[in-house]
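Enquirer: Below are the chains, spelled out letter by letter.
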Amino acid sequence: MTDPSRPRGITRPTPGAAAGPPRRRLVGLLVVLSLLFVGIIGRLADLQLVAAERYVAYGTSQRLRAEELPASRGSLLDRTGAELVLSVPAQTVIVDPRMIDDPLETARTLAPVLDDDVATLASRLSADSAFEYLARQIDDETAADVQAQQIEGVFLRPEPRRTHPAGNLARGVLGSADIDGVGVSGLEAQFDDVLTGTAGEVLFERSLNGVAIPVGQQQLEPAQPGDDIVLTLDRSLQFLTQEALAEQVRATGANGGQAVVMVPSTGEILAMVSLVVDDEGEVVPATYNRTLVDTFAPGSVLKLSTVGASLEEGRSTPGRAIEVPYALNVGGHMFQDSTLHGTEMWPVSRILIDSSNVGAIKLGQELGEEQVHGYLTRFGFGQSTGLGFPGESAGRLRPVEEWHGSDIAGVIIGTGVTVTAMQVLAGYNVVANDGVYVAPRLVDARVDAEGGRHRAAAVPTRRVVSERTSGQLREMLEGVVSDGTGTHAAVPGYQVAGKTGTSWKLQADGSFENGRGTRDYMATFVGFAPSNDPRVSVIVVIDQPRNVYSGGSAAAPAFSRIVEHALRRLDVPPTSGDDREGTGHIVTVGSTESRVRATPAVAGDDAHVDELDG
Amino acid sequence: MSILSTGAPRRVTVPQPQREGERPPLRLVEPEVRPRRVRVGVVGTVGLAAVFVGLFALAAMHSLVVQAQFALDRVEEQVAERHSEIEQRRVQVAQLEAPSAVVDAARGLGMVPPPDRIFLLPSREASGSTPEQDQRVGTSTEAAPDVESASGATEAP
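Chains as they are written, first to last, in the working numbering: chain E, 312 to 925; chain A, 237 to 393.
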């Protein structure tokens, strides 16, 4: 039945029919709220108990920023403390490409500042990474220009730059380090662990915009710079030697040259020069140390060993006469002297002074293969000098068991052996040191970050021949310069001892013939001065001279100039006068007043006061 | 005397119907013991002021610290700049001292290598040298002429 008083179409909602009874709704709401509450409690527990450390670390990582402090690489110094290689502060521009909104526009802004092209910069700025280099090791002015642009996402980072203040001087010896400061050649590579410092780190709290928060957390672990290395090289003498050698290479039309200057008594290397002729015909420093790496057939300079062995073994005296024909057949091969002569009786001393191949071979045959090989080994051939220089060659001195036929003759006259220039000079220092071999050394000391100087270990020495034999050899070597093949090596005012060497150049294929079917030469002169009190020893090797080819003509003149420079540099007074035009003169300053005026020298550090009072 | 002080059982007075014109009996009422009144407003004000002053002092101190930090940052930046400058100067000195630079500078000044070189050695009588030194220069002093000059640049004593 319907209620007639109720309007039609309107029905009273039945309690609990649509929304349910209030009790059920309340229970439902309670359940929902309870679940929400449990969720919140769970989340709180997760935040505060379960994952608390993780979130703390995450927050810390957002706040704290660590920056590496690059360690300065140690310097390479010459014996006087002059810098040959050093690191200077520089800035590197880096970018976080994720922070760059418009790579092309940014590239256009930075291109003129960094002197780079827009396309290259744009590709780096739009890279899919968080870190890219834009420019490395730029100077402070450019870095300031970059900073002035105030580009978000572009940062500056300190990164020292390696510098050679003396240009290419001794570049082959010093070597190089790559852009990351890792030594890759020469002394840079050899002493990389000493030169490399330990990077530091600074940890600080930063704000949202990256600025350090004052009085925020900060930790600093300073960088430890690498140690400096003091070399035995003398910068001025290195330059003078390089200039003298370059002049001789140009004068002889050679392909290059090598020169080493040493103090024979201590084994200190004062200069090491390696030159090549580049594609444009310019004589330039080689990129590697040829004096230790390149080997060549030394020629007659090796006769010293055989003659010394003959004297030491009591088989000869300097005056002993030996029959020396012009040519000699050994094992089916003909060996001959450089100048035509009949069969003559020559004293042993003349064999060395006039560099007789035949005479030296005959002396060697008397000794036998074992002793010839043994003395070459004692003089230091066929083995490393102990310098430990990267790429250093030991040369080639085959064991006696591999010698056949004419090999002994080739070894004696220096064509069957390969050596480095350093080995030859160290061998001649035996004569300068009264028969004692002193190993060469290139490093004088290491200087740590606190300034402590640590001297290098003493070099090993060993007796090779007796003092008497050494004295006899020295007289013969003096004769080479005064009357023999090496007269161009004379130095005005000083007595010089030395030996010439001329040999065929070993080609890349191991033969002596070049592509034209002819032979190229290696010209060598090695010696020391003053011969009665050797203060300096020098070897000069001219690679493939064209207009002259012998050691006496191609190498000896450069030897003379280098020795002259070295003796002046070492303050060694002359021991005799010389009347030749354009050479030095000795003025003895007596007790009475004397006044001398001279033209100042112009060569590196040698420019000096030109007025002296006696 | 008050009945309260007697300790005697309290007398219960039965309310009597008030007669007209009769006054109700007087009784002694002791003042109500109330706790001392705290001046909430004063304390609140002082407290707020203290908090304000404290916060202000804290902010001021923090500001000073921040200023000092900025000053320190500036000083450190200047130190780094000077250090960098020293290193740059060090390179410049090394470059200027390089033999090639010295030679170029000398040539630029018109200096040329000498055509002749003169070595000065003290004579034995003048030098008062030790026997060791004598041994070293003896040969030269004996072998060399007293004064020799090819260029004429040397004046004889």
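None of these hints come from the bench; they were simulated from the model.
Computed from a predicted model, the values in this text were never measured in an experiment.
Please note that the accuracy of each hint is not assured.
[To be verified] Just a few of them, taken from the derived set where beta-carbon distance is under 7 Å, the chain A residues facing chain E:
1) 293
2) 296
3) 320
4) 327
Glycine included, C-beta positions come from ideal geometry on N, C-alpha and C.
Enquirer: Which hint numbers doesn't this structure obey?
Expert: 1 and 2
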